[in-house]
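Student: The residues making up each chain are set out below.
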Amino acid sequence: GHSTRSLAGARASARARESERERRGEETMSLCTHALRKALGSGVGAWLPMAAAAAASTSGLGASAAAAAASGAGSTASLKSGLALGAFRTSASAAVPAPQYEEANKDFKIYRWDPDNGDKPRMETYTVDLNDCGPMILDVLLKIKDEQDSSLSFRRSCREGICGSCAMNIDGSNGLACLTRIDKDTETASTVAPLPHMFVVKDLVVDMANFYSQYKSVKPWLHSEGSEKVDGKEVYQSKEDRAKLDGLYECILCACCSTSCPSYWWNSDKYLGPAVLLQAYRWIIDSRDSITDERIQQLDDAFKLYRCKTIMNCAKVCPKGLNPGKAIAKIKKAHHGTLE
Amino acid sequence: LCCESYTEKQAKLGRPVSPHVTIYKFPITALTSITNRVTGVALSVGVTSIGAMSLVGADVPALMSTIGDITVIGNLAKFSVAFPLVYHYMGGIRHLMWDRMPEMLENAKVEQSSYILIGAATAVSAALAII
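Keeping their order, the protein sequence lines are chains A and B. 108 is the number that the numbering used here gives to position 108 of the first sequence; each next residue is one higher, with no gaps. 1008 is the number that the numbering used here gives to position 8 of the second sequence; each next residue is one higher, with no gaps.
Keep in mind that the hints were calculated from the coordinates and are not lab data. Please read these numbers as outputs of a predicted model, since none were measured by experiment. Here a beta-carbon is modelled for each residue, glycine too, at the ideal position from N, C-alpha and C. Do not take every clue at face value.
Derived lysine to any residue pairs resembling SDA-like cross-links, with alpha carbons at most 20 Å apart [unchecked claim]:
(1) B:Lys-1012 to A:Pro-121
(2) B:Lys-1009 to A:Cys-158
(3) A:Lys-120 to B:Lys-1012
(4) A:Lys-109 to B:Lys-1012
(5) A:Lys-202 to B:Val-1017
Sample of chain B residues at the chain A side, in silico, Cβ under 7 Å [claimed, not checked]:
(6) Lys-1012
(7) Pro-1027
(8) Pro-1102
One chain only, chain A, in its complex shape (with noise of 0.2 Å):
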């Protein structure tokens, strides 16, 4: 596309910018990545001009290039952006402009709790720029970190709700960071907590051994030895024994569930929780596997399953729709002889 602006006001803004920059005395980031910290705080909107811009600059097209491709796009934000060279910040020096909106600002109050320092967990209150701020939970974690407590610490990866990493707490109940949507109301403030009852590594990370090591204990892998095999290697499955699997497969071990169940909270070293549970349902009623009698069989005691009490915080809660409290009734009653 073309330019917007003159070449020259663009390399006169990032000579500024540069300059400013020298002077707070700041190490040079690499492009790429500054661009893509930046998307990642700004949401998916900004993401195409900054990374036209972060790709102009490495391919050695210079700033004003940059800035050329950036504002060709005509997106706001990369007028903020400040394209891969300078200041990230919106209150920046005189050569580029204030930004022409209002500020919202809402309270996020956020579970502190650093393992170096003797000192209690604490909730530190931030305040954020909703206008300046993707939609999602996770868009504010990464702000507050950039830009005013790098300390903070938080799980993270794929940023679109298959990965399973940014599960917390927030506004009392638990979800997926990337996929909670900030409520706008700015009067409010919002809270952000680990989830529940975990052993807490730091800020809103909680030690995921014991989940991890219950998910082991139901043998999660097909055992298909005593199965009837076409040419000795595969399991034929109808299209109707493989729809029995939907809405179970698509787990991604999060723990929302598991960690909203107050049975859970209580019991979580012998009760296997919601999360394990399905995934246990998941095995038996897969027409594959072969010990389908054993799967049924060790998860008769009092703890293992029946622990579950039918409160159905686990089922509200998935972030993909699923329901472990059903996969656990048919458990039970696969325990009377009626599998289904």
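Position chain B relative to chain A; hints supplied.
Tutor: Leaving out everything else, chain B in the frame of chain A:
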């Protein structure tokens, strides 16, 4: 002498447990579930008390009639006896239905059943308290 438990190891590392009841926003179904447990405990305590009092010779039916005859307080007392009984009974029926028909365990359905349970139990208990 074997390996220490997961909980012991975590506690040794000095890790706090993340907040739970203090921060969690319980859905209506979870609230009806804990109410079922509370009414169950109340019934156990109440019935045991009645048994214990009778064992030492108190005339429990007469005592109940005397209290029940007082104008407003009597109705409140009757409600506080009727509600745990009615609620827990209806909650129990809901549990039996869920056990037999897992298809009823959907988010919208369980939420609706919770409001029905609260409404029906309150209405029946109020009726029993007035008659």
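Student: Would the hint on Pro-1027 of chain B stand, with a C-beta cut-off of 7 Å toward chain A?
Tutor: Check passed: Cβ of Pro-1027 of chain B comes within 5 Å of chain A, closer than 7 Å.
Student: Between Lys-1012 of chain B and Pro-121 of chain A, does the CA-CA distance stay at or below 20 Å?
Tutor: holds, 17 Å
Student: Hey, Lys-109 of chain A versus Lys-1012 of chain B, does the alpha-carbon distance stay inside 20 Å?
Tutor: violated, 28 Å
Student: Taking 20 Å as the top limit, are the C-alpha atoms of Lys-120 of chain A and Lys-1012 of chain B close enough?
Tutor: holds, 16 Å
Student: Just to be careful, I want the Cα atoms of Lys-202 of chain A and Val-1017 of chain B compared with a cutoff of 20 Å; is the pair within it?
Tutor: holds, 11 Å
Student: For the hint on Pro-1102 of chain B, just tell me whether its beta-carbon gets within less than 7 Å of chain A.
Tutor: At about 4 Å, which falls below the 7 Å cut-off, the nearest Cβ of chain A leaves the hint on Pro-1102 of chain B intact, so it holds.
Student: Would you mind confirming whether the straight-line C-alpha gap from Lys-1009 of chain B to Cys-158 of chain A stays at or under 20 Å?
Tutor: violated, 31 Å
Student: Hint Lys-1012 of chain B vs chain A: min CB-CB distance below 7 Å?
Tutor: violated, 11 Å
Hints 2, 4 and 6, counting from the list given before, are not met by this structure.
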